[in-house]
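> Work out the full structure: start from the sequences and follow the hints.
As you go down the protein sequences, you meet chains P and C in turn. So the number in this note's numbering is just where the residue sits in the first sequence, counting from 1, plus 1. So the number in this note's numbering is just where the residue sits in the second sequence, counting from 1, plus 116.
One or more hints might be untrue.
Below, computed lysine-lysine pairings styled on PhoX-like, alpha-carbon distance capped at 25 Å [stated by the list, open to error]: (1) P:LYS94 / P:LYS197; (2) C:LYS183 / P:LYS76; (3) P:LYS76 / P:LYS63; (4) C:LYS158 / P:LYS197; (5) P:LYS63 / P:LYS227; (6) C:LYS158 / C:LYS148.
Hints in this document: simulated from the structure, not taken from any laboratory.
Chain by chain, the residues run as shown.
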Amino acid sequence: MTDVGIIGVGIHPFGRTEGRSGIDMGIYAVREALSDCSLNWEDVQFAYGGSDASGNADTMVKQLGLSGVQFVNVKNGCATGGSALYAVASTIKAGEYDIGLAVGFDKHPRGAFNPLPEEWGLPDWYGAQGYMLTTQFFAMKIKRYMHDFNISDLSLGRISEKSFANAEHAEHAWRRSPVSLAEIMESPMVNDPLRKYMFCSPAEGGVALILASEKKAREISAPFIKLDAAIMRTRPQGSFEVFAPSIDNDIDGSATRLASQAAFDLAGIGPEDFDLAQLQDTDAGTEIIHMAENGLCADGEQEQWLAEGKTLLNGQLPINTDGGCIACGEPIGASGLRQVYENVVQLRGQAGARQVQNDPRVAYSHVYGAPGVSAVTILRK
Amino acid sequence: MDQDITGEIPHLVLSEDGKYYLQGGHNEASDKYVFPLMGGDKEFFEPVPLKREGSVWSFTVQRFRPKTPPYAGPDDFIPYLVAYVDLPGQLKVEARLVDIEEEEVEIGLPVELTVIPDINGAPGSVMHAFRPLEKRAA
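Right, here's the structure in full:
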């Protein structure tokens with residue numbers, strides 16, 4: 002099979018941009034990505050893209066050019082970007098096309114998401130009685146995790162402190178002012194044990210990635226970051242997932258564990274080979290849990306890792322180098338591709354003041370979302 | 117006679133002895149339980165009353181008012197306790213915790229099923245919750 006990689010990346014800044022629609026942010030990102038690898042829209046042979054709440058990606062051909070390109074819409078919740086990337090990569094690996102686009106964008110209203118029970122296969126009372134909140138689930142998941150593995154409240158604070166510190170140097174991030182650990186720990190409680198500065202917010206943004214076969218990349222002299230694995234998985238029996246009126250007695254496994262293991266198997270490398278990682282950090286607690294679910298450390302080791310600063314920009318394994326969802330916000334359709342964008346920029350050595358210092362060769366990314374989906378990638382320079 | 121008190125698939129049922137129970141589903145072959153029992157589950161799961169007593173497995177306080185829809189509570193919002201309650205040998209169910217202060221809740225706390233007036237304000241309508249076992253006499 003043909004090797005596939007990323008040759009162009011583009012991003013529309015995350016956060017809030019009044020007067021610009023979600024799809025326009027997607028178009029902006031596509032133009033940036035094309036410019037990044039000196040290609041024209043007419044060079045793109047096929048595309049997969051999507052948003053959760055901002056319409057059909059394929060309608061962007063009106064602005065980009067009516068080239069007749071094959072353009073497939075993807076709607077896969079938090080895994081939308083990851084699923085688009087998987088589809089583009091697989092098509093190129095199969096030898097069907099040489100140059101493809103993966104694009105994701107979104108624009109959400111302020112405040113917590115308000116999903117409706119019937120869209121998630123749940124009874125009306127679950128939403129009516131006040132259980133249908135992602136923040137509530139994540140709070141209870143980390144509460145139990147902290148109890149089982151002796152994680153302190155301070156570790157939650159350290160995650161957020163790192164996110165805001167990293168984001169200061171990321172042009173595409175939303176919240177770019179450092180917040181002190183003391184301020185984080187004194188911010189209002191939202192869903193105990195998680196405080197205001199420990200959550201990400203729904204936001205806006207767009208990301209586009211141009212993929213190509215290695216042969217084509219060489220032909221057009223484009224920089225090539227190899228995509229070793231792009232995997233998406235749904236939840237197994239016995240997992241503890243968001244929007245769960247009940248959970249199995251024997252909790253075992255998760256969509257994340259399935260996706261990460263499949264990616265390690267496919268790439269033939271594991272967490273010990275990673276030089277940096279982007280993990281789903283819907284809140285500070287999920288970053289902690291996902292460190293272990295992705296096999297980066299053992300359950301409970303996070304306490305020491307965070308105290309020692311192992312995941313800081315200059316640490317042994319920098320995590321969420323652009324501030325992650327906590328500092329960038331979460332436009333659902335774009336969020337997973339933002340992680341890949343950040344990894345490409347870091348592997349190219351173009352991350353400026355937030356550049357990791359370990360001469361990175363291998364980078365990992367992971368998204369997670371309702372109702373138990375996960376998408377991961379492994380990139381290699 | 118079992119009675120549907122929610123107007124949906126009955127997840128909270130008043131039994132003949134005058135006590136409420138949560139209705140789940142049980143698959144005998146796999147010994148798996150589900151809650152609530154949804155239409156699509158009925159092929160694989162037999163309706164079964166869930167245990168009325170268990171212990172707090174995890175908990176949080178909901179400190180902001182959820183958006184409407186889907187939330188049906190009053191505009192005036194009072195934070196509430198939510199827990200996963202471990203029903204031994206069956207499963208863990210998500211439910212409100214009542215009759216207890218936030219600072220008194222801890223993982224492992226023994227609790228029992230109770231009902232409280234439905235937050236949608238419908239006269240006579242109730243919803244399920246759990247309360248500390250030792251408060252039963254109060």
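> Of the hints given before, which are not true for this structure?
1, 4 and 5
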